[in-house]
Amino acid sequence: MDRGSFRFGPHLALLAALAAAAVVSAGSAWIDPYFLDVLKGMGINVILAVSLNLVNGYTGQFSLGHAGFMSVGAYLSAGFTLFVAPRWIGPLGGGAFGQDLLFLAALLGGGLCAALAGLLVGIPSLRLKGDYLALVTLGFGEIIRVIFQNLDSLGGALGLNGIPPLTTIFWVLAFAAVTVFVVVCLVHSTYGRGFLATHDDEIAAEAIGLNTTHYKIVAFVVGAFFAGIAGGLYAHFKQTIAPAGFNFTKSIEIVVMVILGGMGNTPGVILAAILLTLLPEVLRPVAEYRMILYSFLLIVLMIVRPQGLFNFSFRRRKSA
Amino acid sequence: MSEFFQQLLNGVSLGAIYALLAIGYTMVYGVLRFINFAHSDVFMVGAFIGFYAAKVIPPGSIGGGLAILAAAMAGCALLGMAIERLAYRPLRRAPTLNVLITAIGVSLLLEYSGQKIFGAAPQRFPPVFPTRDFQLGRLTVSSNQVIVVLVTLALIVGLRWIVFRTRIGTAMRAVALNPQAAALVGINNDVVISFTFALGSALAGAGGILYALNYPSIDPLMGVMPGLKAFVAAVLGGIGNIPGAALGGLILGVVETFVGGSSWSTGKDAIAFAILIVILLFRPAGLLGRTTVEKV
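Keeping their order, the protein sequence lines are chains A and B.
Just so we're aligned, residue 0 is where the first sequence starts under numbering that gives the first Met the number 0, counting upward by one.
Just so we're aligned, residue 0 is where the second sequence starts under numbering that gives the first Met the number 0, counting upward by one.
The hints are simulated quantities; they were obtained by calculation from the structure and are not laboratory data.
C-beta: ideal position from N, C-alpha, C; glycine also.
Do not rely on the hints blindly, as some may be mistaken.
[What the hints assert, rightly or not] Restraint-style ranges between C-beta atoms, simulated for each label pair:
(1) L77(B) to G161(A): 47 to 55 Å
(2) P123(A) to E2(B): 30 to 38 Å
(3) A206(A) to R289(B): 37 to 45 Å
(4) R91(B) to I207(A): 53 to 61 Å
(5) E2(B) to L296(A): 50 to 58 Å
(6) Q122(B) to K128(A): 37 to 45 Å
(7) V140(B) to Y288(A): 19 to 27 Å
(8) T248(A) to G185(B): 39 to 47 Å
(9) N187(B) to H10(A): 33 to 41 Å
(10) D31(A) to G59(B): 57 to 65 Å
[What the hints assert, rightly or not] Calculated from the model, a selection of chain A residues having no Cβ within reach of chain B, i.e. all distances over 10 Å:
(11) A12
(12) L35
(13) P85
(14) Q98
(15) S124
(16) D130
(17) N149
(18) N210
(19) V255
(20) S294
[To be verified] Partial list, computed: chain B residues near chain A (C-beta under 7 Å):
(21) I100
(22) T101
(23) S112
(24) N143
(25) V258
(26) G259
(27) W263
(28) T265
(29) D268
(30) F272
The following block holds chain B by itself, in its conformation from the complex (with noise of 0.2 Å):
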């Protein structure tokens, strides 16, 4: 029994990160309705900066960490909206699969530039939190994974209060609704996507640090199969529903660690690709999102 909590633990954790990731997606595709494959990138970036910045601010301290993670994130930020200024803003009006092709491009640069410049090979990333274990009963609790949980609780409620009680959230909301609309109202739709991949990068930059806290390795291709898992949340969740994508984050993060320590523990990597394939059959619009009629 102690061996289902301490994996329900873990896949909890994880889950968290996927959840961070899966609120990117799931902004991005709210606005501009399509799939931003760069983002796990940016996601990688993010554990990069951390890397880069852990030499500088002395890690190790809960505020040298926090300045680091807000280091990620604002480096991250920065990098979303260059992309979406530089690559998506000349397609705004391009037909989707263009937009597609051009995300897989920026994915692609980002790698083979992140080989580069940060070096192939998988490096060692730094405690940048004071590390401890904790012992609950029988469970062990490491201090990161307390950190991963909580920090994701504080981003989220602040997301959520950006897009719920400001007026550039409602400015989101608002566009993800009905561009058009939107712009008649007197709203600038370039400054609100901007400000979303902002946002979004953001938090991909903090999951970055927080995975490489409890995967300490890492490497320009670190962000491929997170994100890819991380947009099948979203879809779980509901795509476009701030929400749904933490609660598919957290489901996918449970079932995959249960999974990777059953019998079956190789196809762990298959397991995401089938729930996103069995959702998208079987409800299309997610967990938690609204189904739409499609008008002719």
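This is chain A alone, in the form it adopts within the complex (with noise of 0.2 Å):
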């Protein structure tokens, strides 16, 4: 592992990017939209990353249900803003500040339900391993979309539309930088050694009595609540969410982030989210051959760099 980025230590580095979060914000105004939207989809992508990094990368487990967490948060913290704040909006007086603070409530409230349903996947499905890990998680992530497809109270198939547009850049960048920090710090602590072990070698861990379900729920909890943040966000920025958005294709989407970056290589999946969010940027006058080429590169990738592309270091891995 690489440890010269903590020498200015991850709090301050936390404080930093926040301070960053504040200015960017603070200089929106001159910002060109575009870029701008572009900006926040970037920091979406890196939440969603970083936090399956922690479940896929760090700890080894296989989760192919990411969007279902996601799509767990949108709903709830859409739902919120769209049904339950208008009633409270009166006492808080409705200005911006209780419009964020309120944003704020939606948001944290969303990826706590989406954590408890992470919580409620991961219990029964921990206890597998490999390809029927990856194959539950997908399941469930199917299932929490058929769900909300059959739920006529949140739209059904259609969705929710008409989502107030919250997701301004400072929240993105600020919930993008607390999801790296503790995501780092987590892994890096000497309790998050654990989750390395987990990966390494669950039989030897579990040798020097390490509870690796322990861990591999605890991952599986913070991944899901980091999620259902990013969702939120997701759904504030696009103002508009339907249950075919958070399909295995999403989940995939996430995952290939992380494999590009390097399994467990925090910055090289940071790299990766924001690449493959301009890459489609990119190739839009291709737009034809757009998803042709993608799936070309994924698996030239895979033949010709497995470690993923931003992942220098020669640690050797063990299979998954």
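Dock the two chains into a complex; use the hints.
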């Protein structure tokens, strides 16, 4: 593991990132709106990829259901701002500050519900390994999607529309910074070494007395929490959500960011998330061939550079 | 009561298609131990080969229909071998996860190339076999359902013959049991794996045609859901176990048809995954599979 970035201290780095977010936010009026939107998309993808990296990369558990947790956060926070918040707007005055406070509550509420969903999914399924775990998480992700599709109070198959555009660039960057901070600090703490041990050799980890199931569930719940936050940000950014947007393909997209960045390599995963958000924008002129190119690159990459595009450490990794 | 039997019949004919697909998953899993996500798209390509073959071979007769079926099977067998040779063989020693991602990549590649080549809009699949409805008491049996069940039965019997009565079948079983030991007694693993892909993909191609006969609207993404469900069927029956895959497919087809006809019809797509979760939690080896002990 690379410790170079820790000389500054992660807390200072977080403060610096939050200050940078505030500065960008203050200057957002002068930034091109198109670029601002791309930047928001990037930030949301960074949150998704970094949080999944905790599960897939550091802990070595292959989850294919991240979009399901994202949808829990998206729906609950959007439901909150659409249906619940209007009743509270009165007492809070409804000013900009009150709105931001409500949005924060909506995001955290969505994240907590996603974490709860992660716990409910994680406890039974984390008994399984490898392919089977991937399948069960895929199954749960699809079941969550079908449930939302059948909840008429949340729009059914059509989804929710007219969600207030509360996602400012500050919130996106701030939560991206918090996600990276939490994941990095968690993994590099004494406690967090258990995640790596679970990844490296589960049997050996158990033999020295680590409760690997506990670590797997913690990784899963923390990952789901941030996926829920990302979902809430996404809902208030796009202003419209539908169950079909959170299917298997979305989960794969996030997994690809993690793989591309190199499993368990946070800087690489952040880079990959940024790159993969930019790629569709850059490839817009050849839109028809975009996805063909994308899937082709994925295969070539797996054959030529299986450790990930941005993984330069030579630490040997065992098969998951 | 007659409605029950009608639904059962519909379920069996759907289940037969799942069974064909599930066998392909199970065979590949048996020799290579990974989920071939691209299998569902080979199924889609099978349907499209049938669609184009029907423009050359006059459809509507039994002979013509069988010729189209054979064309799709042959085309898919070649495609399956090509996928294995180009995408999976270079990764023979790589971790399972990388192979899994490659499989997802191949799947996406086939889907998006399909959208470019075949067009993204759904197309109407021609009636390749002559169609008529038979009345059995109050039951309506369509000739397509009969064809689905007969073709599936014939293919499964043929497959069993190959696996248990031929040299290459014996080699397949040997590789599935222990690849290193198989290589030691002189079996060329690459040839066997290639052959396994050809067989499994041919069955997927046949499944594609049969599926398109009953649901005559085909598009490049048609394979995604049946593919996932067929894999569930393979796990349900016990992964790596061919009769298990057939049984799992039948059960899944019947359950899904009954759920689809009940008041919970909107939950039809979720039921397969619910079954998957229950089976993995309580009997991960599947219905007919043997539980194995992990050695340290």
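Here is what the structure says about each hint:
no. : hint                           : in the structure
1   : L77(B) to G161(A): 47 to 55 Å  : holds (51 Å)
2   : P123(A) to E2(B): 30 to 38 Å   : holds (36 Å)
3   : A206(A) to R289(B): 37 to 45 Å : violated (27 Å)
4   : R91(B) to I207(A): 53 to 61 Å  : violated (33 Å)
5   : E2(B) to L296(A): 50 to 58 Å   : holds (51 Å)
6   : Q122(B) to K128(A): 37 to 45 Å : holds (41 Å)
7   : V140(B) to Y288(A): 19 to 27 Å : violated (46 Å)
8   : T248(A) to G185(B): 39 to 47 Å : holds (44 Å)
9   : N187(B) to H10(A): 33 to 41 Å  : violated (59 Å)
10  : D31(A) to G59(B): 57 to 65 Å   : holds (60 Å)
11  : A12                            : holds (30 Å)
12  : L35                            : holds (29 Å)
13  : P85                            : holds (29 Å)
14  : Q98                            : holds (36 Å)
15  : S124                           : violated (7 Å)
16  : D130                           : violated (6 Å)
17  : N149                           : violated (5 Å)
18  : N210                           : holds (18 Å)
19  : V255                           : violated (7 Å)
20  : S294                           : violated (4 Å)
21  : I100                           : holds (5 Å)
22  : T101                           : holds (4 Å)
23  : S112                           : holds (5 Å)
24  : N143                           : violated (28 Å)
25  : V258                           : violated (12 Å)
26  : G259                           : violated (13 Å)
27  : W263                           : violated (9 Å)
28  : T265                           : holds (5 Å)
29  : D268                           : holds (6 Å)
30  : F272                           : holds (4 Å)
Comparing the model with each earlier hint shows violations of hints 3, 4, 7, 9, 15, 16, 17, 19, 20, 24, 25, 26, 27; every other hint is respected.
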